[in-house]
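K.L.:
If you're matching them up, the sequences are chains A and B in order.
Quick note: the first sequence uses the working numbering, first residue 1, plus one each step.
Quick note: the second sequence uses the working numbering, first residue 326, plus one each step.
Hints listed in this document are in silico derivations from the structure and should not be mistaken for laboratory results.
Where is the CB? At the ideal position from N, CA and C, for every residue including glycine.
Heads up, a few of these hints could be off.
[Stated by the list, open to error] Reference excerpt, derived from the structure (chain A facing chain B, CB under 7 Å, subset only):
#: 1; residue: ALA11
#: 2; residue: THR14
#: 3; residue: ALA88
#: 4; residue: TYR104
#: 5; residue: GLY121
#: 6; residue: ARG125
#: 7; residue: LEU172
#: 8; residue: VAL176
#: 9; residue: VAL235
[As the list claims (entries may be wrong)] Footprint (simulated), chain A over chain B, 3 or more residues, beta carbon under 8 Å:
#: 10; stretch: 402-411
#: 11; stretch: 438-451
#: 12; stretch: 495-505
Letter by letter, the chains look like this.
Protein chains: 2
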Amino acid sequence: MTEDELVTAIAELTRREHSRVQVGIGDDAAVWQPSRSNRSVITTDALIENVHFSLEWMSREDAGWRAMAANASDVAAMGARPRLATVAFGVPPSGTPADVLECYRGMEACACASGIEIAGGDLTRAPVWTIAITAIGEVRPSNVKLRSGARPGDVLAVTGELGASRAGYLCLRGDVELPDGEADAAIRAHRRPVPRVAEGRWLGASSNVHAMMDCSDGLSTDLIRLLRASRAGAVIEDVPVAASARAAAHRLGIDANRFGLAGGEDFELIASVSPRAFSHLAARFKERFGRTLHRVGRIEADERVVVVNEGREEPLERSGWDHFA
Amino acid sequence: MTEDELVTAIAELTRREHSRVQVGIGDDAAVWQPSRSNRSVITTDALIENVHFSLEWMSREDAGWRAMAANASDVAAMGARPRLATVAFGVPPSGTPADVLECYRGMEACACASGIEIAGGDLTRAPVWTIAITAIGEVRPSNVKLRSGARPGDVLAVTGELGASRAGYLCLRGDVELPDGEADAAIRAHRRPVPRVAEGRWLGASSNVHAMMDCSDGLSTDLIRLLRASRAGAVIEDVPVAASARAAAHRLGIDANRFGLAGGEDFELIASVSPRAFSHLAARFKERFGRTLHRVGRIEADERVVVVNEGREEPLERSGWDHFA
Numbered sequence: 001m002t003e004d005e006l007v008t009a010i011a012e013l014t015r016r017e018h019s020r021v022q023v024g025i026g027d028d029a030a031v032w033q034p035s036r037s038n039r040s041v042i043t044t045d046a047l048i049e050n051v052h053f054s055l056e057w058m059s060r061e062d063a064g065w066r067a068m069a070a071n072a073s074d075v076a077a078m079g080a081r082p083r084l085a086t087v088a089f090g091v092p093p094s095g096t097p098a099d100v101l102e103c104y105r106g107m108e109a110c111a112c113a114s115g116i117e118i119a120g121g122d123l124t125r126a127p128v129w130t131i132a133i134t135a136i137g138e139v140r141p142s143n144v145k146l147r148s149g150a151r152p153g154d155v156l157a158v159t160g161e162l163g164a165s166r167a168g169y170l171c172l173r174g175d176v177e178l179p180d181g182e183a184d185a186a187i188r189a190h191r192r193p194v195p196r197v198a199e200g201r202w203l204g205a206s207s208n209v210h211a212m213m214d215c216s217d218g219l220s221t222d223l224i225r226l227l228r229a230s231r232a233g234a235v236i237e238d239v240p241v242a243a244s245a246r247a248a249a250h251r252l253g254i255d256a257n258r259f260g261l262a263g264g265e266d267f268e269l270i271a272s273v274s275p276r277a278f279s280h281l282a283a284r285f286k287e288r289f290g291r292t293l294h295r296v297g298r299i300e301a302d303e304r305v306v307v308v309n310e311g312r313e314e315p316l317e318r319s320g321w322d323h324f325a
Numbered sequence: 326m327t328e329d330e331l332v333t334a335i336a337e338l339t340r341r342e343h344s345r346v347q348v349g350i351g352d353d354a355a356v357w358q359p360s361r362s363n364r365s366v367i368t369t370d371a372l373i374e375n376v377h378f379s380l381e382w383m384s385r386e387d388a389g390w391r392a393m394a395a396n397a398s399d400v401a402a403m404g405a406r407p408r409l410a411t412v413a414f415g416v417p418p419s420g421t422p423a424d425v426l427e428c429y430r431g432m433e434a435c436a437c438a439s440g441i442e443i444a445g446g447d448l449t450r451a452p453v454w455t456i457a458i459t460a461i462g463e464v465r466p467s468n469v470k471l472r473s474g475a476r477p478g479d480v481l482a483v484t485g486e487l488g489a490s491r492a493g494y495l496c497l498r499g500d501v502e503l504p505d506g507e508a509d510a511a512i513r514a515h516r517r518p519v520p521r522v523a524e525g526r527w528l529g530a531s532s533n534v535h536a537m538m539d540c541s542d543g544l545s546t547d548l549i550r551l552l553r554a555s556r557a558g559a560v561i562e563d564v565p566v567a568a569s570a571r572a573a574a575h576r577l578g579i580d581a582n583r584f585g586l587a588g589g590e591d592f593e594l595i596a597s598v599s600p601r602a603f604s605h606l607a608a609r610f611k612e613r614f615g616r617t618l619h620r621v622g623r624i625e626a627d628e629r630v631v632v633v634n635e636g637r638e639e640p641l642e643r644s645g646w647d648h649f650a
C-alpha cells in the first residue's frame with residue numbers, strides 16, 4: 001500500500017454524510033466555513049528528527065523554521081492568508097528548555113515572516129525532536145484554489161526554480177561538493193526555505209488560476225497528485241532548475257531536469273493557469289514579486305504525464321518521497 | 326525549569342503587539358475571532374507511545390480514542406462546541422497500513438461521539454506511534470470560559486469522580502489487583518475516557534460559571550494552574566473519588582483523597598461557580614446529564630491551597646504530571 005492509497009482509505013473511514021467540511025482529506029489543506037462569508041483553511045504537518053531533518057545538518061532554529069514554512073506553504077497553496085498556528089512539540093530526553101526555546105525562535109521567525117501568530121500548543125517528552133504544527137488561514141470563498149481544478153489546455157507554472165533544497169542536503173551530507181557561492185545558496189534553501197505566502201494569496205485572487213498546490217514532495221510526485229485530482233495529464237517541456245541544483249546534477253552525472261523534478265522541500269507553488277491569461281499574469285507576477293512565474297508545460301485531457309527531454313517524450317516517473325512505499 | 330515556566334517563556338517569545346488572538350498560550354485552548362459574532366477555539370495535544378500510552382496495555386484503537394478525547398476535552402473546557410480536527414500521525418517502522426487504520430478507527434469513534442469531523446492530516450514515519458491532534462471548536466463570545474475567571478467565594482466543582490483512569494493504569498501494570506467489576510470499570514476509564522463535551526458547552530452557557538478547565542494532569546496540578554491564572558487560592562473539602570480508585574488506594578495503603586487528587590487523564594471539568602447559583606445549577610445539571618456536579622471546595626482570596634482532611638488543613642502538594650520537572 002502506498003502513502004496515497006493509505007490516505008484514500010483514511011478519507012473513506014472518516015467520511016460523513018452531512019459535512020461542514022467543504023474540502024477534506026486529500027488537498028493541501030481542509031476548507032471549512034466558520035461563517036457565511038468566510039472560509040477557513042486548516043493544515044497540519046509534522047517534522048520528525050531523523051525522518052525530515054537531522055541536527056547534524058541544521059540547527060534547532062532551522063528545524064523550527066522549516067516546520068513552520070511547510071505549514072505556511074500548505075495554506076498559501078489554497079490561495080489563503082495564513083493567520084494562526086498551534087504547535088505540538090516533542091522534546092527528547094536530552095533536550096533542555098534552552099533547546100526548546102531555540103527551536104521556538106526559528107518557528108516564530110518564520111511565523112512572523114508569514115503573517116502567522118503562534119496561538120498555543122502542547123509540550124511533551126518524545127523519543128526525538130517532534131514538531132507537529134497546525135496552521136489556519138482565511139480566504140474568500142471565491143479565492144479557494146484546489147488541486148482538482150486544472151483544465152486541459154492550461155499552462156502549468158511554478159513560482160520558482162526547483163532542486164536547490166535537495167542540492168543543499170547533498171552538500172551537507174558530503175555527497176556532492178559545490179563552489180562556495182552555490183553551496184551557500186543551496187544550504188540556505190535547505191535550512192530556511194521560503195514559503196510563497198504572498199504569491200499564493202495573489203494567485204488565489206485570480207480567476208485565471210484554476211488549480212494550485214505546493215511542491216513539497218518534489219514536482220514529479222506532487223504534479224501527479226494534482227493531475228489525478230483534476231483527472232488530467234500533462235506535458236512537461238521546461239523545468240526551471242536552480243543553478244546550484246544544475247551544478248550538483250552535473251557533478252553527480254544526473255540529468256538536471258530529472259534532479260529538479262525529484263527534489264522536494266522547495267515550497268514553490270504549482271499553478272494551472274488559463275492559457276489566454278498566462279502571459280499577462282506572468283508579467284504582473286514579475287512586476288509584483290520581482291520573480292519569474294515559470295512556464296513548465298501544459299495540461300492535457302489524456303491522463304498520462306510525459307516529459308519532453310531534448311526533443312524526446314518520456315513518461316514521468318514518480319521520483320519524490322513516499323513514507324509508505 | 327518546570328513545564329509551566331517553560332510555557333511562560335514560550336508565551337513571552339511568541340507574544341505580539343497587535344494580536345487577533347484573544348486568548349493565547351496558557352489556557353486549555355486559544356481563542357480567536359474568524360468573524361465579528363463568532364469565536365473559534367483551537368487546541369493541540371500529542372500522544373506519544375511509551376510517554377502517554379503503551380500498546381502493552383491498550384490497543385491502537387484505544388490510543389486513537391484517547392488522543393481525540395484529550396483534544397475534545399480541551400475544547401469543551403473553553404465552553405465551546407468541538408467541530409473539526411486534523412491529525413499529524415507518526416508511524417513506526419514496524420507499523421502497517423492496517424495498524425494506521427485501526428488507530429484511525431478509534432479516533433473516528435471518539436470524534437463521532439464528540440461531534441468532531443476529522444478534516445485532514447499528515448502521515449509520516451516516526452520512531453514510535455505519534456498522534457498529534459488539533460481540534461477546533463465554536464463558541465459565542467459570551468460563553469468563553471477561561472482559567473482566569475475564578476472569584477473568591479465561588480464554589481469549586483468537578484463534573485465527575487476522579488482517579489479511575491489512574492486505577493486502571495495500575496491494574497494494567499499489575500501494580501494493584503481489584504475485583505473484576507472494579508478492575509473492568511477502571512481499565513475502561515483508562516482506555517476510553519469520555520470527554521465532557523455536552524457538559525462543557527452547557528456550563529459555558531451559564532453566566533454563573535466564572536472559570537473552567539479540564540482535569541487532564543490531575544486535579545492537584547490543574548487546580549493550581551486555574552488558581553494561579555485567577556490569582557486566587559482554594560480550600561478543598563471533598564474530593565469525589567471513583568469506587569475503583571478508592572479500592573486501589575485502599576490496597577496500596579494510600580489516602581483515597583490523595584489518590585483522587587493526583588490521578589490524571591480523567592477528563593472531568595473543573596468549574597468555578599457563583600455560590601448563590603450553585604445548588605440550582607447542580608440540580609439542573611443532574612436533571613440534564615443524570616450525573617452529579619460535585620462540590621469540591623471554595624475559592625479564597627488568599628493565594629494558598631489547602632486540603633481539609635479529617636478536619637486538619639494541609640497544604641496541597643502538586644502531585645500530577647510535569648514533563649520537564
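K.L.:
Indicate, hint by hint, whether the structure satisfies it.
P.N.:
Comparing the hints with the structure gives:
no., hint, in the structure
1, ALA11, "violated (9 Å)"
2, THR14, "holds (4 Å)"
3, ALA88, "holds (4 Å)"
4, TYR104, "holds (5 Å)"
5, GLY121, "holds (6 Å)"
6, ARG125, "holds (5 Å)"
7, LEU172, "violated (20 Å)"
8, VAL176, "violated (25 Å)"
9, VAL235, "violated (30 Å)"
10, 402-411, "holds (count 3)"
11, 438-451, "holds (count 10)"
12, 495-505, "violated (count 0)"
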